[in-house]
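According to UniProt numbering, the sequence shown holds residues 1 to 398 in order.
By construction, these hints were calculated from the structure, which means they are not laboratory data.
Possibly wrong hints are sitting among the right ones.
DEER-style ranges, computed between Cβ atoms [unchecked claim]:
{"id": "1", "residue 1": "Ala374", "residue 2": "Pro93", "range": "42 to 48 Å"}
{"id": "2", "residue 1": "Pro248", "residue 2": "Arg44", "range": "47 to 53 Å"}
{"id": "3", "residue 1": "Phe303", "residue 2": "Glu259", "range": "35 to 41 Å"}
{"id": "4", "residue 1": "Ser65", "residue 2": "Val334", "range": "21 to 27 Å"}
{"id": "5", "residue 1": "Asn107", "residue 2": "Arg378", "range": "36 to 42 Å"}
{"id": "6", "residue 1": "Thr250", "residue 2": "Pro93", "range": "37 to 43 Å"}
Yeah, the Cβ is synthetic: ideal placement off N, Cα and C, and Gly gets one too.
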Amino acid sequence: MFTATSYSGRTVSLLNDADRAYIEANAEWYCPICKERLQLKKGRKRRAHFAHHPNTRCPSSNPESERHLEGKALLFEWLKSHGVDVRLEAFLPESNQRADLLVKNKNETLALEYQCSTVDRELIRRRTMLYQSIGVQVLWVMPFDHLRRKGNVIYLKEWQWEAAYHASGAPDFDKMPSLYYFQPPSILWAAHINAYLSSKKAHARFVAHRLPQPTLERVRTPVVVPDDGQRSALLAYKKETRYGKRPPSTPFSTFVQEELLRKKIPIQLHPAEAGWFLPWQTWVNESPVLWQSWLFLQIIPYFHHQTFIASQSLEREKQLLSIHLQLPVARVQVLIDAYLWFLARLRVLMGHMDDTFTLMQTPRLPRSVDEGFAMDQRYASRLCALGDSIAPSGSFPL
1 MFTATSYSGR TVSLLNDADR AYIEANAEWY CPICKERLQL KKGRKRRAHF
51 AHHPNTRCPS SNPESERHLE GKALLFEWLK SHGVDVRLEA FLPESNQRAD
101 LLVKNKNETL ALEYQCSTVD RELIRRRTML YQSIGVQVLW VMPFDHLRRK
151 GNVIYLKEWQ WEAAYHASGA PDFDKMPSLY YFQPPSILWA AHINAYLSSK
201 KAHARFVAHR LPQPTLERVR TPVVVPDDGQ RSALLAYKKE TRYGKRPPST
251 PFSTFVQEEL LRKKIPIQLH PAEAGWFLPW QTWVNESPVL WQSWLFLQII
301 PYFHHQTFIA SQSLEREKQL LSIHLQLPVA RVQVLIDAYL WFLARLRVLM
351 GHMDDTFTLM QTPRLPRSVD EGFAMDQRYA SRLCALGDSI APSGSFPL
């Protein structure tokens with residue numbers, strides 16, 4: 001850690017030039033959180049930093065690697081160079097968390113976490129929810145060697161999917177989930193995910209930002225993906241679902257495929273309205289072709305008996321998806337709402353201001369794989385015609 005409190009109660013930072021003389025003149029330092037005495041460590045190979053003594057009981061004490069210290073310092077210096085209101089190692093007592101960097105602007109308070117170690121999805125979710133419970137958004141930044149890519153394909157672990165969702169704040173259909181990777185001393189990579197390929201990989205648009213020139217706002221701005229590139233990315237997964245291997249064997253996959261076969265629908269002839277990437281897919285370990293096919297075939301029969309439906313009409317479906325996808329009911333509710341509005345974008349449903357939906361066209365199942373992919377292609381063109389986000393100037397897509 002770079003911050004400490006003196007015996008007299010003054011808080012100092014090793015990254016603040018104005019504190020250096022005071023630090024040199026004092027020998028006793030204390031943790032601002034637990035008040036335990038700290039060691040000031042100075043070495044030739046590592047940045048000077050404060051550390052707790054062994055067997056500390058401080059809730060915020062985690063051994064920091066040189067990589068974490070160095071990256072945190074460089075990111076702090078970048079933000080300070082733009083005049084950003086940023087606090088280093090800010091402790092938030094309301095959630096009992098210490099943010100690596102805490103940024104405040106007129107629109108939001110943002111915790112920037114430099115996540116160097118591999119963690120599980122639940123930890124990312126829990127830490128993020130704690131931040132959000134006190135009105136703080138979170139941006140997860142990883143070291144560059146965590147970036148695994150081949151061309152425009154990015155390979156992801158479960159916790160990285162979770163981090164990608166939260167990095168986008170509140171994603172919508174035109175706001176892509178994103179991941180950020182820091183390559184010291186001065187390149188911050190952004191990977192804007194724009195299509196699903198499998199539970200372990202996605203299609204992404206990569207941008208390398210050379211620090212210190214770009215602002216944080218510019219780094220977080222989604223990029224434009226040309227219509228033809230976006231269409232190809234969307235169809236790569238759809239083509240695999242039509243002509244490639246079946247989805248991975250899981251209990252949910254078996255459940256869905258058995259349900260489809262009872263309706264005499266092999267998985268390759270799934271509805272063209274299913275199998276599309278939504279930003280909220282980052283929550284889900286199962287393939288979109290599975291949960292969307294099942295949900296779509298539950299939704300359409302409602303219109304045989306009524307003119308309008310609302311997501312509240314789908315209580316049974318919500319409970320079943322919560323069990324099968326192993327997601328909280330609240331998240332499944334968001335997922336269902338998003339899919340209903342997605343069907344409105346496809347012009348299958350019409351969405352109304354009161355969040356009810358009417359059927360615009362009677363869906364038709366494909367009779368062959370080729371016909372199914374042709375239907376997919378038409379939908380992909382329709383989606384791409386809806387427009388994309390604005391790219392930041394001065395960055396270079398790779």
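Consistency of the hints with the structure:
1. Checked against the given bound of 42 to 48 Å, the beta carbons of Ala374 and Pro93, roughly 59 Å apart, lie outside it.
2. As the Cβ distance of Pro248 to Arg44 is approximately 50 Å, the hint placing it in 47 to 53 Å holds.
3. Hint check: Phe303 to Glu259, Cβ distance near 19 Å, so the stated range 35 to 41 Å is violated.
4. Here the CB-CB span from Ser65 to Val334 is close to 36 Å, at odds with the stated 21 to 27 Å.
5. Our hint of 36 to 42 Å for Asn107 and Arg378 holds, since their Cβ atoms are close to 39 Å apart.
6. Hint check: Thr250 to Pro93, Cβ distance near 42 Å, so the stated range 37 to 43 Å holds.
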